[in-house]
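Combine both chains into one complex, guided by the hints.
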Amino acid sequence: MGYEQLANKNPLRILKIGKEGANELGLIMARAGLGKTALLVQIALDAILLGNRVIHVSIGQSIEKTRTWYDDILRHILQAHSITRPHELIDMVQRHRMIMTFKEASFNRARLEERLNDLIMQDIFKPNCLVIDGFDFEGTDRAAIENIKEMAETMSLQVWFSATCHREDKRFSSAGVPAPCHEVDDLFGTVIVIKPEENKIRLNLIKNRGEVQTTDAGLDLDPTTMMIKKS
Amino acid sequence: MKKDLQKVRNIGISAHIDSGKTTLTERILFYTQRIHAIHEVRGKDGVGATMDSMELEKERGITIQSAATYCSWKDFDINIIDTPGHVDFTIEVERALRVLDGAVLILCSVGGVQSQSITVNRQMTRYKVPRIAFINKCDRTGANPNRVTQQLRDKLGLNAVMLQLPIGLESDMEGLIDLVTMKAVYFDGDQGEKVRYEEIPEHLRADAEAKREEMLDAVSMFSDELMEVILEEGTPSVETINAAIRRGTLSLQLTPVMIGSAYKNKGVQKLLDAVNAYLPSPTDVENTALDLDKGEAEIVVTNNPADSLIALAFKLEEGRYGQLTYVRTYQGEIKKGDTIVNSRTGKKVKVGRLVRMHADQMEEIEEAGSGDIIALFGIDCASGDTFCADSINVSMSSMHVPVPVISLAIKPVDNKAQVNMSKALNRFSKEDPTFKTFVDHETNETIISGMGELHLDVYIERMKREYKAEVEVGAPRVAFRETITQRADFNYTHKKQTGGSGQFGRVAGYLEPLEEGEYEFVDAIVGGSIPREFISSCDKGFQKSLDKGKLTGSPITGVRVVINDGSSHAVDSSDIAFQLAAIGGFKEGFSKAGPVIMEPIMKVAVEGPSEFQGAVMGSINQRRGIIVGTFEEGNYTVVEAEVPLSEMFGYSTVLRSLTQGKAEFTMEFSTYKQVPRSVSEELMKAYEQEKKNK
Chain A
188 MGYEQLANKN PLRILKIGKE GANELGLIMA RAGLGKTALL VQIALDAILL
238 GNRVIHVSIG QSIEKTRTWY DDILRHILQA HSITRPHELI DMVQRHRMIM
288 TFKEASFNRA RLEERLNDLI MQDIFKPNCL VIDGFDFEGT DRAAIENIKE
338 MAETMSLQVW FSATCHREDK RFSSAGVPAP CHEVDDLFGT VIVIKPEENK
388 IRLNLIKNRG EVQTTDAGLD LDPTTMMIKK S
Chain B
319 MKKDLQKVRN IGISAHIDSG KTTLTERILF YTQRIHAIHE VRGKDGVGAT
369 MDSMELEKER GITIQSAATY CSWKDFDINI IDTPGHVDFT IEVERALRVL
419 DGAVLILCSV GGVQSQSITV NRQMTRYKVP RIAFINKCDR TGANPNRVTQ
469 QLRDKLGLNA VMLQLPIGLE SDMEGLIDLV TMKAVYFDGD QGEKVRYEEI
519 PEHLRADAEA KREEMLDAVS MFSDELMEVI LEEGTPSVET INAAIRRGTL
569 SLQLTPVMIG SAYKNKGVQK LLDAVNAYLP SPTDVENTAL DLDKGEAEIV
619 VTNNPADSLI ALAFKLEEGR YGQLTYVRTY QGEIKKGDTI VNSRTGKKVK
669 VGRLVRMHAD QMEEIEEAGS GDIIALFGID CASGDTFCAD SINVSMSSMH
719 VPVPVISLAI KPVDNKAQVN MSKALNRFSK EDPTFKTFVD HETNETIISG
769 MGELHLDVYI ERMKREYKAE VEVGAPRVAF RETITQRADF NYTHKKQTGG
819 SGQFGRVAGY LEPLEEGEYE FVDAIVGGSI PREFISSCDK GFQKSLDKGK
869 LTGSPITGVR VVINDGSSHA VDSSDIAFQL AAIGGFKEGF SKAGPVIMEP
919 IMKVAVEGPS EFQGAVMGSI NQRRGIIVGT FEEGNYTVVE AEVPLSEMFG
969 YSTVLRSLTQ GKAEFTMEFS TYKQVPRSVS EELMKAYEQE KKNK
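Heads up: the protein sequence lines correspond to chains A and B, in order. For the first sequence, our numbering begins at 188 and goes up steadily by one. For the second sequence, our numbering begins at 319 and goes up steadily by one.
If we strip away everything but chain B, and leave its shape as in the complex, we get (with noise of 0.2 Å):
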């Protein structure tokens, strides 16, 4: 077991769909000689790649879900997060990026930086995750490394500095420059595992030094003894430039640029040199946690293996040989056998089986160290629990959780389906926290919901596959709200007298908007009008209240109830009495308190030629979206806009036709905002109308 922290490497990689980071993915583990065999995402030969362990991206050719898998090279420890590429699935991502020290940012050659790799970008700017990016698919037709590098510094804006020049483009590619060490770098064999060093090209090697000399100039940044080198005419040393390279991406104020083609086997063993030279290790980067037992104050983990252990779940699995929780150890050591708590439930469980995940294999371990990524067997828990030793009681700062914006209604065709579908559902919402499922009910019916269409026909598509479970799939539904915009008072009697003991209870008081939070309860009752025993009996009633709101049975949020009198009487009022009454009161302060509908609005970007800029703003303002700015670079555009949820369902098809496939759009969940008044009258009377139908 290796113990030296500074040479452990967690990363992830992440990417627009198709930019290649599967392929790439196989091409390390083939090269650290984790697998054997080289499998196409697409082969022909069935197999598929190893990190898509799903069916179902096999044959969609994405990854979908994050698998952690473990490799070494050259003496370093790399466990690599594979990230999925749609914005739909973005808690995937974010839940990723959290337990990463460094990632590669894979960009295609061709496309360049698309808008996914906008949003991945700001996630791990968000994340503060250095990065390495990697321009892959230098083989095919179109390939520019040098505009892409460019875009990198104008859509991202990050200080994006070659660290390699291509040896011929396109299908004349041979190999690359490598410009710190300023040699060639050809990769020979069958799948390019013999990297042999030669003398730069004597027809690229004008171009090299003036490459080398741009890279330097950013580089020498962040370092004096570089810096000075470089005054005085001298010639670095390598080990110079690459510290300053690592010290300028840790900062997070360099992205270093390396360029190959993972498929035609060249650049990755170059890539892997640079994860180890440049990416952080564990102890490079500085993580916190909340103590619980001080009103969750702000901790730095150590990182240190002889402190207790803190670490976490980030990812559950359910794979073939039963239920596996990949876990991020922060600090202390986790050994079979141990006893660890769960600080969320307080649970205690002991450590069963430990193993090293290299995508559905796994290699059995005795212990895992600080720093490093493993999977445990039969474990309880929910993703996103933190496990601690039994003296420490602290929880790895809450991840942010986006809430659902979209439902829908399912149905299973048969008994069978039945079973299986909830088996299904069980597991889906342990694994992934914005994937919700209710029984609605008044409807009888089984509702999922989640961050967007494509997040739903996701895990459609894997009840068929994995469960088998056939579900009837009912029409896409936004996740409207309720809430109130002005002060109202109430004062309600609940009585009831028919026969042996009666109800009786009286509530007064006002609801109030809330600004931040969905529901806060104040009791400010003085003089015991209302039985201390039946304050909560109150609270009870108002928290029911919340669940259907009256304009369109959406759940409502942001509201404060304060109660100051009601009165009781010594034999009828009861528990459900209060309950009953504080019901009434909500209904009738909830009427006078200005109710309105607030619906998802989402952050869209649309990116395409600027030929269309002009339709693309149209299309989004026909849609009550609010255009937040263009991006306008030659004959690119991006719009970004905000835009109703419900106004986007088939807006994909509405691009497609309006640009000729030109344009492409992402989006994700940005906020709740108010519904105007004309589409508000609409819900209402679509929701009388279904309570009629009913």
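Bound conformation, chain A alone (with noise of 0.2 Å):
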């Protein structure tokens, strides 16, 4: 389709997201209403750019809310740079996303796979990059994770998660991850916090591919659009 252009143009090139072979687990922290289904959905947004079919797997929210915010955060990128066609895009966009709902109780490893494959054996939709916002990290053990870690590796997918922090929780992994996640920041290769600063929302990454990083990422989320700048 040729929207790598337009990908790579994409601030978020600075992580090494997106890449072949890319079938870690990916991890977005940040306390309620920060914007981490903002950044979630670029990621996603960015893999469909990239050529991928993206599954975004959305607990305890509607499918019409969802989908909301991909059409608010398209128009963004509409809007920032001149496309000569955007039905096009919003068609190619449409076809390579699908918005799965869970409640909460009813989300397991086993529902899920069994889910997508339903898609894949019938040759309806075969994603390349999983997202799963409003997963539940408190209410969830290790086993779980490593659960879902392993169904990624057979299926060869990426995987993107988000978990929401709370500000009086001063646990932190040595990385600097913090609660819930302190205790499973090991399988992640990458991890995004979300931390607002004097009229900035910075996004500070902790983990990129497996390095941790000790230098700014230089990434800002403009807090009136929710798009993702350099700083």
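Careful, some of the hints might be misleading.
Capping the alpha-carbon separation at 20 Å, the derived lysine-lysine pairs in PhoX-like fashion look like this [what the hints assert, rightly or not]:
| # | chain 1 | residue 1 | chain 2 | residue 2 |
| --- | --- | --- | --- | --- |
| 1 | B | Lys446 | A | Lys252 |
| 2 | A | Lys252 | B | Lys921 |
| 3 | B | Lys668 | B | Lys653 |
| 4 | A | Lys357 | A | Lys382 |
| 5 | B | Lys1009 | B | Lys868 |
No wet-lab data here; the hints were simulated from the structure.
Pasting the structure below:
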């Protein structure tokens, strides 16, 4: 389709995501309301522009709400870049994305795998990337995440999670990943923590494809549009 | 005549088919003493419920047309619009929602939130209609109002809060507990007409207190006063709680949930109390109109009876007494003998008889105030027209009218049927803007088009029943369209010299895709290469070309035509010569402009047990559908998809056999999209063949 050029302009390129063989888990953490879903959707759209198929798993949200996120972010992308045939891009995104929503209680690996196999076996949709928004890290153990990691490896999937952290919880891993993910951070190749600073929302890149980062990635979220930008 | 607008309620009753809205309406009319006997929808007495005024509805047990009816409950005037439950009649629902201030969303306590409720809820959200949920049929086996309330939260995303608890369920349902007043309510008498209040039965007290706490928690978000009382551990008054619920409901952030069984005469009076207490009056809702004298600037209607009249004709009905026009007034008053202006046509009309409707009986009135819903007799207009006083020129903002997506050829069986058929079609197309009819001049067939198979089926049935017009029906056809994908130049000369005065005209310019809108004509001629008087002839010629595309003979849309050069002849140029030159030019340009076929895409929602999700997705995939998403809760799944209409014929049968009849689907028009190449080739081949056969 030739949207790589557009993807190359994405500030996300600083991260080593979307490369071949990137079947690792990614994690986005923030307190409630800081833009986890916005960032996940931008990662998903970036994957789509690079030619991947994405399944967006939304736990506890409606299809419509999730879809609205995509529409909004895509509209910002269309506004920022002059795209000759916007409808083609919108259409392409729709064909490369599927939303799966689950009630909190009904989500687990077995069910997800069954659904993915439904799609793959019937040749309906073969995803390369999975984003899981609203996963309950506080109520799950390490084994459950290992389980999904294993599934990602067997199915050759890139998987991104979002997790909510809390201001009052001061537990951190040695690499600096806050609770509730501080004890499972070794399972994730890439970890981004969204942090509000004065007039800014910073993207704090803690791990990038397995490497613990010591320097600032220089990325922000625009507080009005929730779009990623260079600081 | 009561004038207190605070005590007027214009409400709709919307729901899934078979969740009992007609029965509920019947009970409401009975308890408000508008009728004096109760008939069931499918009752043995053969009379049928009062709101289903059409024969066909009586037979099918479903409500097709919205009839407005008036009643009065505890000093409040309530106008009820009974809205249809099937998506194929969407325009009816949407039109009704436009004139409503609030609504009651009925749900079946067994079936819960079904796909239909999702659609109706979406429409209510679009028109910002505050609503109360009524969980009906609590007497049925498997009734579970708690589960339905949870579904309201999960599937519809509503902040649903139960204001009542049942005392017993299924066949043991005795009455209900009102969590606001903390009283048990029983409905005595043969038809539940005597409401008796008692103390809450001991075995339910603990549960009721817990639920009340939950309710107060949710409701206190809308009232600081209530929040304070609760924080101080005091007992809030009924008025304070009701005021908070009302505020939450009006802001669309809270949906009070009432329960009952209309069929068993339980809970209806309490629902009416809730309508009075929680749903908005006309003054609580902001409605806007367009000022036609000020370039359609938006103005807020005042609801003030002293201001100039603004009223919207939202429904036409040909009853046995002649044409009835249902009207909602937004400001000012209508009086018998007044002269009012139809702002679309500019025609003045005199108000003859003015009536308040009660299903198909009526009550003559002298005047109607602002915010009222009434009917006028013998007024010639189309539905959606605005009437206003002579002193102003406004139109209520235009209603969103979807384009028809499916058509059928119909042929009357004999001469008598022919006459009756045209009468029927004339009336249907006036009543329903999504129903269109025309004669295809090439085949001489009468074509009807609408929003879905069922939509057209119902009109064909009505033709038979109400107009005695027997017709033969052709196979349904999808309304394809053609458009262009790139800019292309044209330069065409029309020349004819066959004795006498000849014809001459040359038109040059280009066509280009138009992102929004159907057609645009741009005159970029400089230096008069086409004389002024023939510019409109060119426009006319281009517009004629839009009727039939060359690929499938479908209408062409999304084209901008720019003319920038041409030439004329002092004697031989004429209106017709330039029209023909434009037609030729369009043909030339269209072929080079990458023409494509567009087809209607439907938004489809299939719901059923999760075990069939794979099969459902497979069936959608086979139909060239794109799965937008899935929603899963326990053992129940909804699959949302976009599927071309042409692939949806016969889908209900396929779905039934795939899922042992356990899944159901709804669809509504979403957009037009380009047909894939393989399908497009087939369509073009079929069109060629059709042309050859003629």
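The hints, checked one at a time:
With a C-alpha separation of about 17 Å, the suggested pairing of Lys446/B with Lys252/A holds against the 20 Å cut-off. Note on Lys252/A and Lys921/B: the hinted pairing holds, with a Cα-Cα distance of about 16 Å set against a maximum of 20 Å. Of the pairs offered as hints, the one joining Lys668/B and Lys653/B holds, with about 10 Å between alpha carbons and a cut-off of 20 Å not exceeded. Taken as a hint, the Lys357/A and Lys382/A pair is honoured in the structure, with Cα atoms around 15 Å apart against an allowance of 20 Å.
Under the criterion of a C-alpha separation no larger than 20 Å, the hint pairing Lys1009/B with Lys868/B is consistent with the structure, at around 11 Å.
Taken one by one, the earlier hints all hold for this structure without exception.
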